[in-house]
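Student: Single-letter residue listing:
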Amino acid sequence: MKNIANVNGQLSLNEGQDYCTFHVNELFFGIPASQVVELSRDLDVTLVPKGPVSVSGLMNLRGQLVPAINMHIRLGLDKDTTPDKGVCIILSTGGGQVALIVDSVGEIISLNDNLFEQPPNNMSDVAREVLSGVYKLPDKLLLLLDPLKIMTASSMNLLSVAS
Amino acid sequence: MDENLDEILTEFVLEAAEILDKLDLDFVELEKNPTEKKLIESIFRGMHTLKGSSGFFAFKRLEKLAHACETMLSKVREDKITLNQSMVTSLLVSFDSLRQIITYISETKTEPAGEDSAIITILLDMAEGKMPPADAAAPAAPKAAGQPAAATAHAEHEKSEHADEHADEHADEHADEHADEHADEHADEHADEHADEHADDHAHEHADHEGADHDAAAAPVPAAKSSTAKAAVPPATVALSESAKTSPGAGAGPAGKTATTDLAKNLDLAAPVKVAVDLLDKLMNLVSELVLARNRLLPFVTDNSDLNFTSAVRTIDILTLELQERMMKTRMQPISQVWSKFPRLVRDLSTELGKKVELIQEGAETELDRTLLEAIRDPLVHIVRNSVDHGIESIIDRKQANKPETGKLLLRARHENGMVVIEVIDDGGGINFERVRAKAVEKNLFSESKAANLTDQELIDVIFLPGFSTKEAITNLSGRGVGMDVVKTNINTIGGTIEMESPRGGTGTTIRLKIALTLAIMPALFVRCENERFAIPQNSLLEMVRFDLAKDPTGLEDFYGTPVFRLRGRLHPLLMLNQHLGLSDRYPSTDSAINIAVVQSAGVRFGLVVDEVLNMQEVVVKPMGTLFKGLLDFAGATILGNGRVALILDVDGIAGSSGLIASSQAQRAQDDHMLDRHVPTTADEETTMLLFDIHGLGSLAIPLEYINRFEVFNPERVQMNGKKMVVSYSQVIMPLLVVKDFLSGKKKQGLDLTSSISVIVHISNGQPIGLVVDQIHDIVQVPKKLFSLSPPQRGLVGAALMGEKVINVLDLDEIMMLRNLEDDEKDELYPDVIEQ
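So the sequence lines, in the order shown, correspond to chains A and B. The opening position of the first sequence corresponds to residue 1 in this note's numbering, with each subsequent residue numbered one higher. The opening position of the second sequence corresponds to residue 1 in this note's numbering, with each subsequent residue numbered one higher.
Since the hints were derived computationally from the structure, they do not count as laboratory data. Glycine is no exception: its CB is placed at the ideal position from the N, C-alpha and C atoms. Any given hint could be a false lead.
Stated by the list, open to error - Covered by chain A, according to a simulated footprint, are these stretches of chain B (three or more residues, beta-carbon under 8 Å):
| no. | region |
| --- | --- |
| 1 | 622 to 630 |
| 2 | 643 to 655 |
To be verified - Which chain B residues stay away from chain A? Per the calculated CB distances, all over 12 Å, these:
| no. | residue |
| --- | --- |
| 3 | 13 |
| 4 | 298 |
| 5 | 364 |
| 6 | 382 |
| 7 | 406 |
| 8 | 539 |
| 9 | 592 |
| 10 | 756 |
| 11 | 758 |
| 12 | 785 |
| 13 | 814 |
Unchecked claim - Some chain B residues well away from chain A (every beta-carbon gap over 12 Å; in silico):
| no. | residue |
| --- | --- |
| 14 | 9 |
| 15 | 11 |
| 16 | 57 |
| 17 | 60 |
| 18 | 96 |
| 19 | 97 |
| 20 | 104 |
| 21 | 122 |
| 22 | 309 |
| 23 | 328 |
| 24 | 435 |
| 25 | 443 |
| 26 | 505 |
| 27 | 761 |
| 28 | 781 |
Can you make the complete structure from the sequences, with help from the hints?
Tutor: Dropping the structure here:
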């Protein structure tokens, strides 16, 4: 909770925030590390027919059913429906646990608030829904994802048309 | 401090509710046996406890009312008056107000405003006309309530009275213990009763006086009382010989004895621990996981020869099983919890209706899951009401039918194959099938000719349709038209079934509910479809059929676009699971054998075609989570022994989403709706059309009168006749016409011969023509008024609006004309002018 508030710029703490970073395609993303439960290479996902397009299916995380979200599709990057390689980042959000399937996971970095900027206005709708801002790193940009929005935002609710 | 008080108050409300529930039963019992001492005793004690604890919270109204009841009952107990019907009724009336007050307290923590003086006066009058202390007590109490200063003194007194009660109880217990030791317990009890009575009476008088002058007289009273109570113990043994002589009838002795020992035993056994339900649920979940973990462990035993290891696994196996069973027990509660309300309900109903009904309960100890118990409460109440109202005849009718005056209503529960079977059986007049038939026609559920052919069983099914109720006069008991359909829906939602039997001849009706023991774990059949495993809940599974299409003379048949197969002379629609779930388009070829799971939803039987039948296994149902909320096809998911997730099919949902039950029921619901709103029939403004899809062209419709049949053909049946594609169709050659080739905006594509072909058969000049479409949906009502298209499109007459949806209506005449032109190789005369 504290992190989200912080990201939105309502709180300004001097010590940096920890972010877990990962890659999807060539993009570099960050997510508050405090919400990351674990990383897993076990990609045994059971397909849920007729489910939302960006949800690959359900995973078993020690007896808990966790929906696995294919970040490629979720972020509107491509339509690759079968992620056979990659890493699962298991997050704990207000709406329950969720697994994000990403290409690779980077290190955890600590970032200071003065590097933060709001997303630009002309960003695409999907991106606007899930991105809460950007951190200016020396060599590249770190796009900050809002974990709760990934699961709840309206673009999620597009059920795939039986085709 | 406040919190503490709240807690005590909650406990009080719970306790009061328990007392009221028990009194409910006792009262009805009492009416049958007005002389039964034990009952009067039990009611008296209940009222006494209620009065005592309500005084503790200074709930004056409650206290006064309870006190009035108690006063009257004490007279009954002392044999000064005998109980009659009107007395019981007024006791019940006051008892209802008590319940109301307590409900109010539980909601607002304060007593409702109001006066019960009318009923109190009646009660007190009944308790022997003008009883001076009672009269004094009634006006005295409100005065005390009116003076805030008195409150503390009063509360204090009440506390001490509460304490007395404990002393009282203690004395009782003690006496009981003695009773166990001594052979003649009845005498003991008798003595105890006497002692008790004296103590109580003393207390009342003191209390009343105290209420009147509310002096700090609290101290002497408890002292006096507890001494009396304590003193009651020794005389109990002394009184042994005396009451043995005077004991009213030797027969009452043994009965009294068993009752007390049972009570003592129950108290010992009961000693419950209150546990939060969500904690129980969590434990239940953990145990379920443990069971699954054990399942994963078991295969290792067969591969491993280490004896120590195998024996350790066996031990875990046995312990887990035991743990699972015990855990299930924690959630189980006897059905008597629901049934306990019924004696009163039946009594009230039968009195109101002027009927005589005897309620018999069998198997009240049968247990089922707590949540299920909640879910069946209302449906059962409805069924019992129906049975008393509609089922059992009036006394006159019963006499005419040579039946005993008193009707019998039997509630029976038992376990059967992991299900709980609950039966409500009455010996009434049974279902009046002819009236059901007439009503079905009247309510527009069936046409007259169709209704005439309905069998008895089908008529029973009619009763479960929405909006059906045969009772002419709407009583305030039943007959509001929300009837058995709601019951059925409720039972279905918890995975249960309901059936009704009523043999002709007026011997009565049996309604049978079958409900799974628990929702959390259920047996399911695993099937494979493409590469996925799915579980079909056993309770919706009727049978498995392996159907060899090559050997069967009929094979898969087509009935209006739906594949069907015959099973013991009955047609069952088929649903290809792979197609329904969008896993693949594969259609079984004519020489293959298919596996069909015959399932049932809302009375509709259909076959699910799956690729392979795997095994039967108990599964733990887990919700799939909010992301899959809109998915009707699955009831949840489960985790398999190997750790993989498998989805559990929801047969009702599949039947709904595939239109197997929705179309017929929606049609009926629509009919009802129209009846309600007195909307004129659809004939004037609407016309019936068949809705179908052509990919890329959206929803299309064709007037039903153009259509002869629907068929689905296997592509292998398509043959060439010159340049044209044809199929052999009931002994003639039927040309196929690919509709999309004739419509604007679609380039000629020919026929996709990789998947099954949906065909609308149109008879033109006695010659069948097959219109090939992509997918046939449903028959719909479409407004006759069509919007013309601008610019006009080839092959379309116009468009209709169905709600928000635009439906393009096919111009079959034009298409036929185009086809004939095509025959003459003059297709180029109609170039695609309007390319999109």
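Student: All hints are to be evaluated individually against the structure, with a verdict given for each.
Tutor: Going down the list of hints, with the structure as the test:
no. : hint       : result
1   : 622 to 630 : holds (count 8)
2   : 643 to 655 : holds (count 5)
3   : 13         : 34 Å, holds
4   : 298        : 17 Å, holds
5   : 364        : 37 Å, holds
6   : 382        : 35 Å, holds
7   : 406        : 55 Å, holds
8   : 539        : 22 Å, holds
9   : 592        : 23 Å, holds
10  : 756        : 16 Å, holds
11  : 758        : 15 Å, holds
12  : 785        : 30 Å, holds
13  : 814        : 30 Å, holds
14  : 9          : 34 Å, holds
15  : 11         : 35 Å, holds
16  : 57         : 41 Å, holds
17  : 60         : 48 Å, holds
18  : 96         : 46 Å, holds
19  : 97         : 47 Å, holds
20  : 104        : 37 Å, holds
21  : 122        : 59 Å, holds
22  : 309        : 24 Å, holds
23  : 328        : 18 Å, holds
24  : 435        : 44 Å, holds
25  : 443        : 36 Å, holds
26  : 505        : 50 Å, holds
27  : 761        : 26 Å, holds
28  : 781        : 25 Å, holds
Of the hints listed earlier, there is not a single one the structure fails to meet.
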